[in-house]
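**Q** Sequence:
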Amino acid sequence: ETGQSTGFKPVGFIEIATNKDYLEEYRRISSFNRKLGINVEEISPNEVKNLFPLCNTDDILAGFYVKDDGRVNPVDVTMALSKGARMNGVKVYENVEVTGVTKKLTANYINEQVTGVVT
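The sequence shown runs 1 to 119 under the numbering used here.
Check the hints yourself; a few may be wrong.
[Claimed, not checked] Below, computed lysine-lysine pairings styled on DSSO-like, alpha-carbon distance capped at 30 angstroms:
| id | residue 1 | residue 2 |
| --- | --- | --- |
| 1 | 9 | 67 |
| 2 | 67 | 103 |
| 3 | 103 | 91 |
| 4 | 67 | 49 |
| 5 | 83 | 67 |
| 6 | 91 | 104 |
| 7 | 91 | 67 |
| 8 | 20 | 49 |
| 9 | 20 | 67 |
| 10 | 83 | 103 |
| 11 | 83 | 49 |
| 12 | 9 | 35 |
| 13 | 9 | 83 |
| 14 | 49 | 9 |
| 15 | 49 | 35 |
[Claimed, not checked] Cβ pair distances, simulated, as ranges:
| id | residue 1 | residue 2 | range |
| --- | --- | --- | --- |
| 16 | 5 | 94 | 36 to 46 angstroms |
| 17 | 94 | 66 | 49 to 59 angstroms |
| 18 | 19 | 47 | 14 to 24 angstroms |
| 19 | 32 | 61 | 12 to 22 angstroms |
| 20 | 47 | 79 | 31 to 41 angstroms |
No lab work stands behind these hints: they were computed from the structure. C-beta atoms are modelled at their ideal positions from N, C-alpha and C, and glycine is treated no differently.
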């Protein structure tokens, strides 16, 4: 925690399934997200309409609602990330062109981790 505001506004999020393929995919994704602690609720077309009255629900099979989701102010998030990085010893240089990124393989030899930038 940096104490820096991110401008978070809890407005919720609804993903809409309008065919069986999307319905199956969103159910899989929702199951995975629940295991990560994200509260995803499958809701009926009527519940979608109650939450979002302007939505035409004629072709909706289900909605997937995350009540705690929201949006942030991108400038505030950038400042919070920068502050957190500085608090952890990172040097931040502004108004400098980045021409490359240095990386190293992680312990699993599959993913890469950014270790620095080339200016």
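**Q** Hint by hint, which ones does this structure get wrong, listed from lowest number up?
**A** Failing hints, ascending: 2, 7, 11, 16 and 17.
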